Amino acid sequence: MDDDSRLPISPQAAQRVLLGAALGFLLVFFVPRLDGLAALWDLLRDAIAGLPGFVVDVIDYYRAAPGEQVAYSALVGAIFGAVTTALVAGVFDPARFAQGRTWLAVLAGAGAGALGAQILMYPAQHCTYAPDIDGAQFRVGLVVTALGALALLVPVWTLLRGRPGARVQHVAGHFKRSPLPYVFLVPTVIILAVFLYYPAAQIMLVSLRRKIFPLPQERFACMQNYVDLASDAVYRNSFASTLYITLFVVLFSLAIALAIAVLASQKVKWAGVYRTLLVWPYAISPVVTGVIFLSMFREGGAGLLNWALGSTLGITPGWLTDKDLAPWVIVAASVWNLLGFNVLFYIAGLQNIPTDLLEAASLDGAGRVRRFWRITFPLLSPFTFFLLVTNVTYSFYGIYGVVDTLTPQGGPRFGPGGESGATNVLIFKLYKDAFDTGAPAGLGAAQAVVLFVMVATFTVLQFRFLERRVTYEG
Amino acid sequence: MNRRPRYGIHLALIVVCLGMACPALYALQVSTLTLEEAFTIPPKLFPPSTDFVSNVRTLFDGQHFGRLIANTLTVALVVVVGKTAFAMLAGLAFVYFQFPGKWMLFFFVLLTLLMPTELLLVPLSNLIADLQWASDDPQLALTMPFLASALGVFLFRQHFRNIPRELLEAAQIDGAGPLRYLLWVLLPMSWNVIGAHAVIQFISMWHQYAWPIFLQLSPEDQLIQVGVRNSVISGTQTDFGLLMAAGVVASIPPLVFFVLLQKQFMSGFALMRDK
Chain Y
530 MDDDSRLPIS PQAAQRVLLG AALGFLLVFF VPRLDGLAAL WDLLRDAIAG
580 LPGFVVDVID YYRAAPGEQV AYSALVGAIF GAVTTALVAG VFDPARFAQG
630 RTWLAVLAGA GAGALGAQIL MYPAQHCTYA PDIDGAQFRV GLVVTALGAL
680 ALLVPVWTLL RGRPGARVQH VAGHFKRSPL PYVFLVPTVI ILAVFLYYPA
730 AQIMLVSLRR KIFPLPQERF ACMQNYVDLA SDAVYRNSFA STLYITLFVV
780 LFSLAIALAI AVLASQKVKW AGVYRTLLVW PYAISPVVTG VIFLSMFREG
830 GAGLLNWALG STLGITPGWL TDKDLAPWVI VAASVWNLLG FNVLFYIAGL
880 QNIPTDLLEA ASLDGAGRVR RFWRITFPLL SPFTFFLLVT NVTYSFYGIY
930 GVVDTLTPQG GPRFGPGGES GATNVLIFKL YKDAFDTGAP AGLGAAQAVV
980 LFVMVATFTV LQFRFLERRV TYEG
Chain P
-11 MNRRPRYGIH LALIVVCLGM ACPALYALQV STLTLEEAFT IPPKLFPPST
39 DFVSNVRTLF DGQHFGRLIA NTLTVALVVV VGKTAFAMLA GLAFVYFQFP
89 GKWMLFFFVL LTLLMPTELL LVPLSNLIAD LQWASDDPQL ALTMPFLASA
139 LGVFLFRQHF RNIPRELLEA AQIDGAGPLR YLLWVLLPMS WNVIGAHAVI
189 QFISMWHQYA WPIFLQLSPE DQLIQVGVRN SVISGTQTDF GLLMAAGVVA
239 SIPPLVFFVL LQKQFMSGFA LMRDK
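Protein chains in written order, with my numbering: chain Y, 530 to 1003; chain P, -11 to 263.
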């Protein structure tokens, strides 16, 4: 805002121009597309019209459902809810948790668990609690029950923890009651419901279906897809290479970025210029990163790296054809791609550290290294956690552009029969299977759900951590 | 404390900057080479050759890079502007109103943090097929699913919460309604957050790659990253000069956008940290 005074027109006028341009741009884009939006409107109207039918279906299902299976699922959910609530109540301030009445909290947890279990067990038709189910599917069913229970338990915990004062604090300073907030939330809610919730529900339903010979269409198959995934050698290799690549991408990109950020935070002349020169790779896409590294690592004398290695050490490794080296090319490209973003946030974090603390420690005789590990690094932990999550997410999804350009076939083959690829990471396999029209949709959906649960777990853990930090800082 | 110039640090910083720029400098050099030059041994690392312009011309004439860049720019800007508008409205509702179901609606938004679009491309493309957007209006298919996100709502909710409530009381005394308050009080105080949000959204839209492939659009409706990937598919030998030129051309717009808004980006997140 301090720059505004230098503008030739007043900030108010500039703002009006910008606002008008933005709204005009949106109008020019959307007005000719009203027909397309009408299709969305029809879809929504049909969905809303179908809601009563859905409720009737649910009621009919529970009326006719095998009572024992429903009871088992509720029991498993309730036990899970009670135990986890007791654990959570112990971890957080027990006096504040449900005002100290732990038994009440545990009871609420059991109820939420039993009810929450139905969120996932209803679409699965309680099939994993059927008497003739095999052990593997039953175990998957237990996990699914617990996940469903968690969906209700997490909000219940938030309620039970109660934040004294949170309510009182914000009573003042609101607009008076009106239907306006609902109007403001309509676009966000519609887009999230149609383009995220609906496909997410779809993918879970599809993951329960598969082709059962001889019928051509897919039919309900309980957890069979998940059980098959777990025993599929190609999928297991893909899983392992994802973890392997993710581990090294995250480790190197964070460590190198932190070192660079510490260097760039020194008070020297032209620090701003150096910063810009260090963070710009954030704007380079994974695809472009992939093609650059493809050219650098290509074989034959014309590749940059093999020319350098060949003329100095006399070795010319087959970077993209050796199954042990190809993942490292992916790691190198991804680390370079992530570096700018990580340096950016670490520099922001380092600026945030109070210098008086460091000076006090310095007066106490703490050396540079000691000050870094005892003060700087712990104070950077929120940034490290944020970057950890974004980098893991990148290694799980964003990496697709890098992998697809560097190793379009999923990397050098290995494994018995050579059906696994060394860089055939989960997201790459997921997309390749989706493009392959012959591949079973149910198996693909199950892969997506597993990946989804992995990242969701990670994201929730990060939230818990950040929340606790906020609590400690008071 | 330390007044003398610190040559050691300057030297280290210059080395690091150069090291980081190395792949990009290499790409710039290769983008000037002809098909034959890109395969000479040893690699031609200096001086730049003469083919950059002709490589770029090939991309724009033969592979409609002009169309692709225009498509991507439109899609990215629509998402940036639309998402900012929707997220600000949602932030306004969550921070300045009390209404039944607020907590549930907030949880509804929060939960979408766990639903990455990247994993939903198959059902999403089926949905788009039902709406007939991929065939009739690819730009709608490329923008609509990205017009709302938990991240944007959080960013603005957090920012609005840190704005002193006294401003609202003053505005209410002047008789300002919610929309006027948003436009004339909150907006002028939010440019840094808007800038930070815009950078993230613009760059993530510019990097869209898997989603446009899933939509199976015709070549001239595609986005730029797909264009880069496909720029050398026709031909037996990879034309690295052409490929690097494609990479360079595709990287210029996001680089410009990022460097211009870099300051806003940094301070936008600095504001978020305050509380």
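It is worth saying that the hints were derived from the structure and are not from the lab.
All values reported here derive from a predicted model rather than from experimental measurement.
We put the CB at the ideal spot given by N, CA and C, even for glycine.
Take the hints with a grain of salt, since some may be wrong.
[Unchecked claim] Here are the computed distance ranges between Cβ atoms for each label pair:
1. Y:A543 / P:R55: 52 to 62 Å
2. Y:L734 / P:G89: 18 to 28 Å
3. P:L139 / Y:G944: 35 to 45 Å
4. P:G89 / Y:G702: 34 to 44 Å
5. P:P152 / Y:R668: 19 to 29 Å
6. P:G89 / Y:V587: 17 to 27 Å
[To be verified] Below, in silico cross-link-like pairs of lysine-lysine (BS3-like), each with a Cα-Cα straight-line distance of 27 Å or less:
7. Y:K961 / Y:K740
8. P:K251 / Y:K798
9. Y:K796 / P:K251
10. Y:K852 / Y:K740
11. Y:K705 / P:K90
Each hint, compared with the structure:
Range check, A543 of chain Y to R55 of chain P: Cβ separation about 32 Å, and the 52 to 62 Å hint is violated. One distance hint, 18 to 28 Å for the beta-carbon pair L734 of chain Y and G89 of chain P, holds here, with the actual separation near 27 Å. For L139 of chain P paired with G944 of chain Y, a C-beta distance near 39 Å keeps the hint of 35 to 45 Å intact. With their beta carbons about 20 Å apart, G89 of chain P and G702 of chain Y fall outside the hinted range of 34 to 44 Å.
For the pair P152 of chain P and R668 of chain Y, the beta carbons lie near 54 Å from each other, so the given range of 19 to 29 Å is not met. Evaluation of the 17 to 27 Å hint for G89 of chain P and V587 of chain Y yields a pass: the beta carbon distance comes to about 21 Å. A C-alpha spacing of about 19 Å is found between K961 of chain Y and K740 of chain Y, which places the hinted pair at or below 27 Å, so the restraint holds. Between K251 of chain P and K798 of chain Y, the direct Cα distance comes to roughly 18 Å. Compliance with the 27 Å bound is thereby established for this hinted pair.
Restraint check for K796 of chain Y and K251 of chain P: satisfied, since their Cα atoms lie roughly 18 Å apart, inside the 27 Å limit. Only pairs whose Cα atoms come within 27 Å are accepted, and K852 of chain Y paired with K740 of chain Y is rejected, the gap being roughly 34 Å. About 14 Å separates the Cα atoms of K705 of chain Y and K90 of chain P, which keeps this hinted pair within 27 Å; it holds.
Checked against the numbered hints above, the structure violates hints 1, 4, 5 and 10; every other hint is satisfied.
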